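2 protein chains.
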Amino acid sequence: MKTRFLLHEEELPHRWYNVAADLDRPLDPPLDPRTNEPLSPEALAALFPRTCIEQEMCSDRFVDIPEPVQEVYRRWRPTPLQRAVNLERALGTPARIYFKYEGGSPTGSHKANTAVAQAYYNMVEGTKRLTTETGAGQWGSALAFACANFGLECTVFMVRVSYDQKPYRRAMIRLFGAKILPSPSSRTQAGQAVLAMHPDSPGSLGIAISEAIEEALHGERTKYSLGSVLNHVLLHQTVIGLEAIQQLDLAGEWPDVVVGCVGGGSNFAGLALPFFGEAQAGRRSRPRFLAVEPVVCPTLTRGEFRYDFGDTARLTPLLKMYTLGADFVPPAIHAGGLRYHGMAPIVSRLVADGVIEPLAYAQKEVFESAVLFAQSEGIIPAPETAHAVHAAIELARRCAETGEEKVILIGFSGHGHFDIAAYDSVVQGIG
Amino acid sequence: MKTRFLLHEEELPHRWYNVAADLDRPLDPPLDPRTNEPLSPEALAALFPRTCIEQEMCSDRFVDIPEPVQEVYRRWRPTPLQRAVNLERALGTPARIYFKYEGGSPTGSHKANTAVAQAYYNMVEGTKRLTTETGAGQWGSALAFACANFGLECTVFMVRVSYDQKPYRRAMIRLFGAKILPSPSSRTQAGQAVLAMHPDSPGSLGIAISEAIEEALHGERTKYSLGSVLNHVLLHQTVIGLEAIQQLDLAGEWPDVVVGCVGGGSNFAGLALPFFGEAQAGRRSRPRFLAVEPVVCPTLTRGEFRYDFGDTARLTPLLKMYTLGADFVPPAIHAGGLRYHGMAPIVSRLVADGVIEPLAYAQKEVFESAVLFAQSEGIIPAPETAHAVHAAIELARRCAETGEEKVILIGFSGHGHFDIAAYDSVVQGIG
Chain A
1 MKTRFLLHEE ELPHRWYNVA ADLDRPLDPP LDPRTNEPLS PEALAALFPR TCIEQEMCSD
61 RFVDIPEPVQ EVYRRWRPTP LQRAVNLERA LGTPARIYFK YEGGSPTGSH KANTAVAQAY
121 YNMVEGTKRL TTETGAGQWG SALAFACANF GLECTVFMVR VSYDQKPYRR AMIRLFGAKI
181 LPSPSSRTQA GQAVLAMHPD SPGSLGIAIS EAIEEALHGE RTKYSLGSVL NHVLLHQTVI
241 GLEAIQQLDL AGEWPDVVVG CVGGGSNFAG LALPFFGEAQ AGRRSRPRFL AVEPVVCPTL
301 TRGEFRYDFG DTARLTPLLK MYTLGADFVP PAIHAGGLRY HGMAPIVSRL VADGVIEPLA
361 YAQKEVFESA VLFAQSEGII PAPETAHAVH AAIELARRCA ETGEEKVILI GFSGHGHFDI
421 AAYDSVVQGI G
Chain B
1 MKTRFLLHEE ELPHRWYNVA ADLDRPLDPP LDPRTNEPLS PEALAALFPR TCIEQEMCSD
61 RFVDIPEPVQ EVYRRWRPTP LQRAVNLERA LGTPARIYFK YEGGSPTGSH KANTAVAQAY
121 YNMVEGTKRL TTETGAGQWG SALAFACANF GLECTVFMVR VSYDQKPYRR AMIRLFGAKI
181 LPSPSSRTQA GQAVLAMHPD SPGSLGIAIS EAIEEALHGE RTKYSLGSVL NHVLLHQTVI
241 GLEAIQQLDL AGEWPDVVVG CVGGGSNFAG LALPFFGEAQ AGRRSRPRFL AVEPVVCPTL
301 TRGEFRYDFG DTARLTPLLK MYTLGADFVP PAIHAGGLRY HGMAPIVSRL VADGVIEPLA
361 YAQKEVFESA VLFAQSEGII PAPETAHAVH AAIELARRCA ETGEEKVILI GFSGHGHFDI
421 AAYDSVVQGI G
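Chains as they are written, first to last, in the UniProt record's numbering: chain A, 1 to 431; chain B, 1 to 431.
Chain A extracted, bound-state conformation:
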């Protein structure tokens, strides 16, 4: 039985898919918090390169992937689509479970897809250094890799709890030549303000974003790079879903359900949006889209859909999104990449419209499913990815009861090689 679907490098998509062309009405624009008026593109120019701002506002259905970006992509893309036959057997389910595996990128997750694009556009437009934040370190290591590739300097503010919990990921960022600081740090006013009130703050993505933005605004030829949430970031990630569609064609399948984890929403959107586009074009049926988050950071399941800041220090524009409030600091779960108070405006809109269904699970059940996946398939999911895996396993178990032969597609956003310590405690608890 064929279980792995590979594309040759010449089958790598040459264009990203832009969902803005297929929404029934435009997204609510980002607002300038001083005026509550829609933000002008110029207002973003201090932070982002021109091309990324254009992509943020763009309504073309497809956007060309620059050849130098494709060249870097080809080092690990197209990524494999794999059928989890052993997992299906272990579950005794008639469901067919596929996963799109992004763990083979240089830094082990989907984050490299947009890191390479953003570093490239910055390089072309004369940026010398990029600043960013990172939670568990997936995004920070991806941007460090991309900057090393295009000869840019890189400064990463890493959420303190992850900085302390994940020394290997921190070391990887340094290995790629980037500078890394625990956040909140004393380097920025935003960090100082938090430390003054909470000297033992575990940090949050919201705080780290404030620090990275402040650092970019004060640096020479320095810009800021965000690893999720924004439209252009989601755009770059659609290479995942575009490949998956080609690969499911090879398998002769179309998914009934597409499931991914959501922190800021980019990995989920990167997989799901091209399937949405196919349905909007009338070419295929629309799958169910399941966006999975942790119960302790329930942005989509418990948050409000309203304008809010993307960061704690309120330096960002106002975005219309699901939010738990810009001050929300989630508890220190292992899935650091899902500890974000907000959600991509595109994902938020599609949740509000009922196209995407949100789900929340607790850490323990998520890890139990991740262990089952690892023992069946031999691949260890990142704690973030484990949320998607758990939701898929729950679906497949239901199919075992009902006899339904559903086709389930998992967005396997990254491997858990740097999260083994987290597994160790959980496996000892389970085993």
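The hints are all genuine.
So the derived list for chain B, only partly shown, Cβ under 8 Å to chain A, looks like this:
id, residue
1, R75
2, G104
3, M172
4, L175
5, G177
6, A374
7, Q375
8, I379
9, I380
10, I420
11, Y423
A few chain B residues facing chain A, derived, Cβ under 7 Å:
id, residue
12, R4
13, L6
14, H8
15, E9
16, R74
17, P106
18, F145
19, A148
20, Y168
21, A171
22, G378
23, H417
24, D424
None of these hints come from the bench; they were simulated from the model.
Owing to the predicted nature of the structure, the values given are computational and were not obtained by experimental measurement.
The beta carbon of each residue, even a glycine, is placed where N, CA and C say it ideally should be.
Based on these hints, arrange chain B on the given structure of chain A.
This is chain B only, laid out in the frame that chain A set:
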């Protein structure tokens, strides 16, 4: 420019290549240490399944890969062949550097290739449990994965110093469902004897082998599994070189030099032997074969070619090989997989015959090259693999001086995700 050469899953080799058919005279046989006479196959039957013993003695040029083994291989094989263009640019070399990337296996190295085959043959022949030893943990995790896949139990004796120093690799072994004990343990007589004399013994591979063998001999339907050195292990690894030949054909290349690291010799042989076979058959020119070891464990460059035991406790048959003496204890370098006193008899013979050239490098220069590779190509080599990378970089630098456009093929045996702590100290030292 095309830089990545992928094969579809149906292009996975269906047969392993057996170099025994192409040697100009048979290998010197393993001897029974009690009689100094060639060992009978029956003498090995208590430890290994019948099929592995047959493969150990086999002289057919090709051996079929069983379909269930191919099915597991296809989860990560064929593995990519990649051209290291960025590294070439960084070196300013006219050489073309390719690497065959084995880091994408479930446990991150080539070890899974033989672990899956050995677990399969054991399962078919009714084995219920496998025992083994592991140093740094690459082999232990690969066998744990393979046993989980075929429903076998697995007991791993891990050298105590590594058990304490490498909690991530230890946790990975447990995650795949294996039992893991620090060696020396109180579970075996061999372990008890050591502990009685040295309660704080850090352990050694020699002691761990003794424990694993004793455990196998006393267990019901329990056999023992070795991750390198033996002919059948090298046979299973030839899938690497067979794929690489197909992929270099796609690239329109034939290597001038094939370079790999050597501990017991299996990853190097797995890549190199099929190229040797092509040359013996008169179809292609014979590349230079470079086998790279650490200066502090200089088995090939400083050892003697003679009969010796495979373990410190002298429980194994006598093998004709390069050896530093069964009592040799190498210092605790990061490349734990290269800390072995002996060498595969096949590799040893070809070194003695001048077909394979041995080279030895020091840890510091090896790590400096590994950092350059990681920063150029975005992939972090295991400390063992880094030895091959360093030798290739030295060759490419010489080409930059002479202007020679050599084609260099690196055996990239595994990633360094579990060795980041080692890098961290070195990068801080370098950077």
